[in-house]
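S.K.: So the chains spell out like this:
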Amino acid sequence: MTLAAEVASLAALLEHWAERTPDAPAAEDSAGRALSYRALDALASRIAARLLECGVAPGDRVGVCLPKSLASFAALLAIAKARAAYVPVDFSAPPARNRFIFADCAARVVITDESRAAALAPAEDLAATLLVFSGDAASGEHAAWLAGGEAAPLRANAPTSQDLAYILYTSGSTGKPKGVVHTHASALSFVDWAARLIRPTGADRFSSHAPFHFDLSILDLYVPLTAGACVVLVGEAVGKDPFGLARFIAERRISVWYSVPSILAVLAQHGRLDRHDYSALRLVFFAGEVFPVKHLRALKKLWTQPVYYNLYGPTETNVCTYQRIPDAVEEERTAPYPIGVACENCEAVALDDAMQPVTAGSEGVLYVHASGPVMRDYWNLPERTARAFRETADGRRWYSTGDVVIADARGCFDYVGRRDRMVKRRGYRIELGEIEVALYRHPAVREAAVIARTQEDGVAIWAYLSANGEAPSIIELKQFCAKNLLSYMSPDRFVVIDALPRTSTDKVDYQALLKSA
Amino acid sequence: MSRDERSIRDTVRGYVLRELLPGEKPEKLDDALSLKEAGILDSLSTLQFVSYVEESFGIELEPHEASSAFDSVNEIVSLVVQKAS
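First to last, the sequence lines map onto chains A and B.
Quick note, the first sequence lines up with residues 0 to 516 if you use numbering that gives the first Met the number 0.
Quick note, the second sequence lines up with residues 0 to 84 if you use numbering that gives the first Met the number 0.
Only chain A is shown next, with the shape it has when bound in the complex (with noise of 0.2 Å):
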């Protein structure tokens, strides 16, 4: 049992240890500036009380447009202990595409920071009212918020589990984002497992290296605040340069590091591992995608005391399977590890499309037990949210991951693929037809077809377009997808083509696509 099945919420994480050891460091941004437990109780009790006086009230939403920083994460918990749900959007985004989200979701409040704040005006589609973090947007501290001095600490009033924690966006087949709500009982249920899976202590440093919207964030952010240990914040600038960040996982004494494989591959290859010390380093979590063999192996040697998991999961499922990799990875081996067995808080099945289980060695798809980590709903999508769940003969309800698994006689899944377009690129999940909702509104695209290739380092969009007249430069279509679409959505491979090829129905024949060279 950890402090995570003890409370009600997660700001309550941070008011416990507020209380107990205020003086204890409990994050640290890329400077090295540093707050500790009382200071950030003080800076997230005078944001949530900011929240109030804009009206917030319990069960709103309120966006959250900014810059990883001791400020931003301060608003998390700030808008946790206003009793309200979080919406963290990515910052870079597509202006248009923050704005769906927050009109999706009716935020009474945004927060963000003066270069987001014309974009984000309130109009007709977005009622919600500004809170705009201003200072040093550069380094994205907003001075003004941390040199607030000394607040009465505001604890949340009795919360309780069921309210929302927070929702996070992500991509929708229809070309709309769709928002995964979760409670802080569903947040609270994957906090206690990773905490009783990590046992952190009050001397642990884990690395926030995921950006607030992506659901990697809430362990790398509550579990540390479980036992009063420490979060550093990896900022944008640090994560871009190999060499950079090597440095600063070694001096900054970070022990519990959790990334998407794609960034260790880029470590292990390019990070110069063996100059620095990272004796502090005791476990590596990845999670998001297939981490390929040879570059975990090549990590391994690199990095060879810490113990290394796998975490897998939806958004929607917080992890719900973990499985650790040996202390060797064999020489001969080339498929990637297993997803694992089910999380102790979970209940995951492989079942056949007449929701029967499998028979060991089978293919089937992975469900997990309405239950423990699991999200509410999609927000304001019933329909939607009724497709994802669906019941046993025993009545009992389930969330479809919809992906196809082979389970082991002991219950240890491997991932073999998915039936429709949805894909994973760097722990972000994509649905393709997104991508062609996007490219179908350039005016001289006449069609367009997205698939993606695997490759040995991961995977590979490719779209292929016919054109109105004369074809746009590739340069345009990158130009036009950067405006209109999130950068892990953008295609590597751009393909004009007279017609796209289409099947005996008039379909486009994706198949034929994928045999392209």
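Hints were generated in silico from the structure; no laboratory data involved.
Under the rule of at most 20 Å between Cα atoms (straight-line distance), these lysine to aspartate or glutamate pairs were calculated in the EDC-like manner:
(1) A/482 x B/36
(2) B/82 x B/53
(3) B/24 x A/491
(4) B/35 x A/491
(5) A/482 x B/70
(6) B/35 x A/89
(7) B/27 x A/491
(8) A/514 x A/419
(9) B/24 x A/475
For each label pair, taking beta carbons as the anchor points, the in silico distance ranges come out as:
(10) A/274 x B/33: 29 to 37 Å
(11) B/13 x A/202: 44 to 52 Å
(12) A/57 x B/51: 50 to 58 Å
(13) A/198 x B/77: 46 to 54 Å
(14) B/33 x A/469: 19 to 27 Å
(15) B/26 x A/357: 54 to 62 Å
(16) B/26 x A/505: 32 to 40 Å
(17) A/379 x B/22: 38 to 46 Å
(18) A/385 x B/33: 41 to 49 Å
(19) A/23 x B/10: 46 to 54 Å
(20) B/10 x A/355: 54 to 62 Å
Yeah, the Cβ is synthetic: ideal placement off N, Cα and C, and Gly gets one too.
Please arrange chain B on chain A, whose structure you already have, making use of the hints.
M.R.: Using the frame of chain A, we list chain B on its own:
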């Protein structure tokens, strides 16, 4: 333009066209174009590009150089020229 600078430019342009813009006509690539704004470079491709530049020219970039001054072909070339001198 010195011969060194020309060969650095060719190497940098070659990488952009080969790795980031496969299929693009070389004349469409303006050396002053902001590759980040144009959606051609994102955080992961920047990591890989920085590593390539560091290894190709035997230099080391500071994190702030890799994030702020690593955007257009012109910027990357002058960064390499300055670091290599």
